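> Taking the hints as your guide, dock the two standalone chains into a single complex.
For the protein sequence lines, the chains are A and B, in the order given.
Position 239, counted from 1, in the first sequence is what my numbering calls 239; the numbers after and before it change by one each time, with no gaps.
Position 163, counted from 1, in the second sequence is what my numbering calls 163; the numbers after and before it change by one each time, with no gaps.
Careful, some of the hints might be misleading.
[As the list claims (entries may be wrong)] Below, in silico cross-link-like pairs of lysine-lysine (BS3-like), each with a Cα-Cα straight-line distance of 25 Å or less:
id: 1; chain 1: A; residue 1: 122; chain 2: B; residue 2: 120
id: 2; chain 1: A; residue 1: 96; chain 2: A; residue 2: 124
id: 3; chain 1: A; residue 1: 236; chain 2: B; residue 2: 120
These are calculated hints, taken from the structure and not from any lab test.
Quick caveat, the model's predicted, so the values are computed rather than measured.
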Amino acid sequence: MRVLQALAIAFCGLVATACASTPSTPEMIANNDPYEATNRDTLKFNGKIDRYFVIPTVALYFVLVPEGGRRSVHHFLENLTLPTTFVNDMLQGELKRGGQTAARFLINSTIGFGGFLDPASKMKIPDHGEDFGQTLATWGVDEGPYLMLPFFGPSNPRDAFGLGADVALDPTNYIHYKQHLWWFAGQKYFTILDLRAQTYSTVQGIQRSSVDYYASLRSLYRQLRENAIRNGHPQKSGDLPDF
Amino acid sequence: MRLQTILRRAFLAALLSLSASLFAGPALAASPAEDFVQQNIHRGLEILNNKQLSTEQRRSQFEGFLMGLTDMKRIANFTLGQYRRAASPGDIAAFETAFQNYAVAVYQSYFSKYAGQSLKVTGSQQRSSDDFIVVTQLIDPNDRSGQQPLEVDFRVRTDSGKPVVVDFSVAGIWLALEERDQFTDFLGQNNGNIHTLIAHLNDLAKQFKAS
Chain A
1 MRVLQALAIA
11 FCGLVATACA
21 STPSTPEMIA
31 NNDPYEATNR
41 DTLKFNGKID
51 RYFVIPTVAL
61 YFVLVPEGGR
71 RSVHHFLENL
81 TLPTTFVNDM
91 LQGELKRGGQ
101 TAARFLINST
111 IGFGGFLDPA
121 SKMKIPDHGE
131 DFGQTLATWG
141 VDEGPYLMLP
151 FFGPSNPRDA
161 FGLGADVALD
171 PTNYIHYKQH
181 LWWFAGQKYF
191 TILDLRAQTY
201 STVQGIQRSS
211 VDYYASLRSL
221 YRQLRENAIR
231 NGHPQKSGDL
241 PDF
Chain B
1 MRLQTILRRA
11 FLAALLSLSA
21 SLFAGPALAA
31 SPAEDFVQQN
41 IHRGLEILNN
51 KQLSTEQRRS
61 QFEGFLMGLT
71 DMKRIANFTL
81 GQYRRAASPG
91 DIAAFETAFQ
101 NYAVAVYQSY
111 FSKYAGQSLK
121 VTGSQQRSSD
131 DFIVVTQLID
141 PNDRSGQQPL
151 EVDFRVRTDS
161 GKPVVVDFSV
171 AGIWLALEER
181 DQFTDFLGQN
191 NGNIHTLIAH
201 LNDLAKQFKA
211 S
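Just chain B, with the same shape it has in the complex (with noise of 0.2 Å):
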């Protein structure tokens, strides 16, 4: 795929991967990763479909599926690289309400945008006997360009006893890897103070639910 193509569509989708996820149409499941994928997805449609929901209410509900959908303990405790190693339990813990705080943050103020455009399982790949990829299509109905769909793959692992996301890949970006390069390095650059990142995860939050 051109280059800036993928530069105009990816960055904008990396961040709304999630949202999109949740105006999806029905396909046929062809393995329980793919099967969690796509149920979920019709959940979501609901919920954003549904009018008689208050703003408020859309965002709680939005909350709730988000925390079903993943498990945004592991990507928080992931994003922290090799600083967690070293961080307390505690500090640990406030990490992951902020970041949780601040994934939903984000994804909620963007996901109007993909408003209309579905999301079709399209198969799957097994990496391990708890660790699969599902692929998907992201369709605009609305595209007469012509253009290929652009790629929306789930990371699902079943280790834990039931399926979860772990990372969604948007045009062959990893969003949990993004995070991990950014919080590592910002990390890096305040001499490792866990404190210092929880305060600006929690400002970030603030903005996008202020907009």
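Pulled out of the complex, with its shape left as it was, chain A reads as follows (with noise of 0.2 Å):
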């Protein structure tokens, strides 16, 4: 756990580095997004990558396969994430929730036909998602400044150390076999379309309405992972500004 620790650390100063060419405003410290202006430019890149790859690949997905087959490769994809979340689950404590994760794997990988159906939902198993950067939050471990990562997103230095570090802590990713690097691209690459495909008109609809886009994805990702971390449990007294 140390070790993971100093990695996240020695992660985040290099990620600062790479970063600390782009001068910084007042504003930008004050928001904890000192890297404002190399963001927004990602932000723009990340939306041509959008616009003329995974939006014409996720329009073919609507064509090709039908809602309820969306369904799911959704429900199949969210399944194969639980061993991780199961990991994070014990990295954290958490018990209790460790346990609906490895009975929500276990119902929907057998009578789930492989995790195409969600049986375990209807059982009133409840659903959640942990992941590495919650995990280093909950040890204590700073966010650090705002990042928008290439092809990646909103993220900050600890979740992005986290991003790679799931990958190491699936335990599925040590079963090797002939075409484990396919399965794994596959893997990801459907990951993506489905989170986009059930994202495309929310995204559109908070394009629409910003003010400033950038701004608006900032917050939310922020408020999102804030939540995320807390498990959903209500704030604390200081948490929320007074009006």
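Written out as structure tokens, the structure is:
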């Protein structure tokens, strides 16, 4: 655990150094977004990737796969993340939630036909996600400055490190077979496709109603992450501002 | 809750939290703040379900309902953040009007997407003698997935003599906080020029009303 913490801190330092060439204004510092200029450029880059590559692929996905099929793919992909969620539940000392994750995985992988169906939800076993970024947060690692990662989107050094660590923590990645790399790449590809398919109209709505889309994404990401780290529990008294 | 599930549901719902509240069903109220939210939910439901109203009449009544439920000036002033201190009273008044038009237009444009869903008051948290968070759940009667209902919270203040909603939270996202982050960043990018923000809000409101 201490090794992982040290690695996280080292990674944060590396990212901070890489971005240090961009001058920061007092407003950027106050927003904990000292690399805002670079981040905004990265958002534009991501927008082009989204527009010219991801969206056409999503459109094709909608044409070729009916809604029921897309829902099954979503369940299947979510089921594949449960081993990582379970490891993170355990690392956070969340035994009850870990039990729920294990139960969901066992039920959906068997009577849910490999995860394509979700009978666990119908049995009222609650669904939740955990990742190593959240685990680091529960260990007291600070999020660091806001980052817009190429291809991956909103993040921060802690969560960016967690992205890589989750690959290492996923027990299924230690099962080696001939097509392992292709399986891994295919899983990631369909995860992006599934996520974008599900958030298409939502993202469009945010873009349409936002005064500043970049700032809106940053705020939404931070609030969502804080809520996920608290496991949806209410904020402490001092966490909300006065009106 | 899984991040991508939250993203999918909360981004839209963050914009719709208010409108969604209008379709609520009855529930037992256990505190004045809960009672306030519950009663207004019923009032909003009556407006939206009244088929005798024209689109324009419904829009007008919805705006009146929104004004009665929320303290729009207070929310507007909050969203200006540190830029409020340097703004003149005239600019603040103009911003309050622009913000109100923007907020009403955005909510109105989306509320129909949540038709048929209901909001159930499940409890409340008292933060101080005049500051409450009322917890509700968004119930979709057609949802057979077994997933947990989306949580929608209302922050109610009573310090001005009558209860008013000052912020809404969907899946942990507080809308006024998100708006403040947007507006202050926008002002930072535009040398703190509040007139640019007012013009932008007016443009967005027009686009939503036209669609």
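> So, for every hint listed, does it hold in this structure?
Results for each hint:
1. A/122 / B/120: holds, 21 Å
2. A/96 / A/124: holds, 14 Å
3. A/236 / B/120: holds, 23 Å
Violated hints are absent here; each numbered hint is respected by the structure.
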